[in-house]
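Peer 1: Could you build the full structure based on these sequences and the hints that come with them?
Chains as they are written, first to last, in our numbering: chain A, 1 to 217; chain B, 1 to 238.
If you're looking for bench data, these hints aren't it; they were derived computationally from the structure.
It is possible that part of the hints are untrue.
[Unchecked claim] Mimicking SDA-like on lysine to any residue, the simulated pairs with C-alpha atoms at most 25 Å apart in a straight line are:
#: 1; chain 1: B; residue 1: K231; chain 2: A; residue 2: G216
#: 2; chain 1: A; residue 1: K71; chain 2: B; residue 2: N144
#: 3; chain 1: B; residue 1: K82; chain 2: A; residue 2: A208
#: 4; chain 1: B; residue 1: K82; chain 2: A; residue 2: K41
#: 5; chain 1: B; residue 1: K16; chain 2: B; residue 2: T31
#: 6; chain 1: B; residue 1: K171; chain 2: B; residue 2: E149
#: 7; chain 1: B; residue 1: K222; chain 2: B; residue 2: W81
#: 8; chain 1: B; residue 1: K231; chain 2: B; residue 2: P8
#: 9; chain 1: B; residue 1: K231; chain 2: A; residue 2: G149
#: 10; chain 1: B; residue 1: K113; chain 2: B; residue 2: V43
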Amino acid sequence: MLVYRDLKIYSRSLSDFLNTIAFMITIVVLFPLAIGPSQEKLNFLANAVLWIALIISVIPTLDKIYVNDFKNGWLEQLNYSPIFLEIILLIKCLTFWFSLMFPILLVLPILSLFLGINLNLILWNLLIFLIGSLGICLIGSICASLTLGTKTGNVISPLLILPLTIPVLIFGISSCEALKANMDPYPNLYLLVSFCLILIILSPILSAISVRIALGK
Amino acid sequence: MINYLANPNRFLKFSKVIQPLLGYSSLILITIGLYFSLLDSPVDYQQGHTVRIMYVHVPSAWLASILYFAMAGCAAIFLIWKHPLADISARCIAPIGLIFSLLTLITGSLWGKPMWGTWWVWDARLTSMLILTIFYISYIGLANAFESETDGSKPASVLSILGAINLPIIKFSVDWWNTLHQPSSILRMDGPSISNEMMLPLMLMLIGFFCLATYIIIVNIKIKLMIKKHKNVILRLS
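Peer 2: Structure below.
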C-alpha cells in the first residue's frame, strides 16, 4: 500500500522526472561540445561523463524522498504505525529508486549511443547503473533525512552526499571501464553490490534515527 | 575525569587552571620547535631545505585527524547521554579542525610543488584528507542550518559519526594503496624510521600544536558557555 501511494505521487509529479531526464541530457550534450567532437577523447571519457550526469541529475530530486511527507505530517503518522519506521523508510527509498529507474532505462541507451559506447555493452552498463543508482538513493535517503527541517533548505545536501557517493562512483566506473577494455567486470561489480548491501542495512537505521530527531522537535 | 568535567561550572573552574598552562606551554614549545625545525635541524639529503615544511605539515595533519576523532567522540557522547556540553565542545572543535586540515592541504601542496612537481595529485592520502575537510565543512554547515541552534546538534552529530569511517582510511591509505605520498615513518610496528635530530623538533611541534589547539578550543567553549548564560539571564529577566 505504501509503495502504491508513493508511486502514485511520483507519477503525478511527472515534471520532476522530465527534469531529471533533461538534466542528464544537458550534461551529456555539453561534454562533447566542451571537449570537441574527437571520437577518441569521447570514448575515453564516456563512462565518466555518464556517471557524473547520473549523480548530478539525481541530487536535486533526492530531497523529495522525505521533505513533502515531512511537511504534510505523513511521516509523523507513519512513526506511530506498528511497523518499524526503518522498514517504512526502506520501502519509501526503494520505491523512489524504482521510480528513478524509468528515466535511467529510457535515456541511458540513447546517451551511450551519443558517446559512442559499444552497443553490446549497453545491457551490462544498464545493470551496473541501476545498482549504482540504488546506492546513490540509499545515501541520499540518509542525507535527505539529516537535512529535514533546515531553514536554508538544500544548500548543504550536495556537500553531504559528495563524500559518501565516492565508493559507488569508483566501483561503478571501474567495472564499466573493465567492460570497455574487454576485461572481467566482476571484482568491481561485487564490491559495488556489497557496498549497496551494507547500505541497505545501514541507511534505513540512520535515516530513521534522523527522521525521529526531526520529528521530535 | 569526563564525568567530573561534564558540569559546566566545574569545567570553568578546571579551565581557569589549565588554560594559562596550555597557552604558555604551547607558546614555549612552538617557539623552541620552530627554532629547531627552521634553523637547527639537519637538511634532508634528498629534499634539501623543503623538508622543513614537514614540521608544520605533519603535526597539523595529525591534529586534523585527532580533532575529528574528538569531535565524533563528543558527538557520540551527546547522542547517547544528551549532554549539552558535549555538543558545545563538538561545535567548538569543528572550526579548529577545519583550520588544521586546510593547513595540512596548503602546506602539503606548497611542499608538493618543488618535490613532486605538481600542486595537487589525486592520490589516496590527499583525497581522503580533502574528504575530511569536506566533512568538517558539512558538519559546520549542517549544525548551523537550523532555525534554532540546538536543533542542528543531533543531525550534525549523526553526520560526524558517519564521517569517522574516513579516519582509518586516511591512516592506512599509504599502506593499502600505492601512493605518491610517503608511507608513515613514525607510528610503525618496527619503531620510527626517522633520525632523532628530526624527531625532536617534530615532537616539540606536535605537542605544541596540540596544546595550542586545546587552548583555543577551551577558550571557545568558555565563550559559548558565557553566551548561553547571558541568554538565560535575559530570558529570566524578560
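Peer 1: For which of the previously enumerated hints does the structure constitute a violation, in increasing order of number?
Peer 2: 4 and 6
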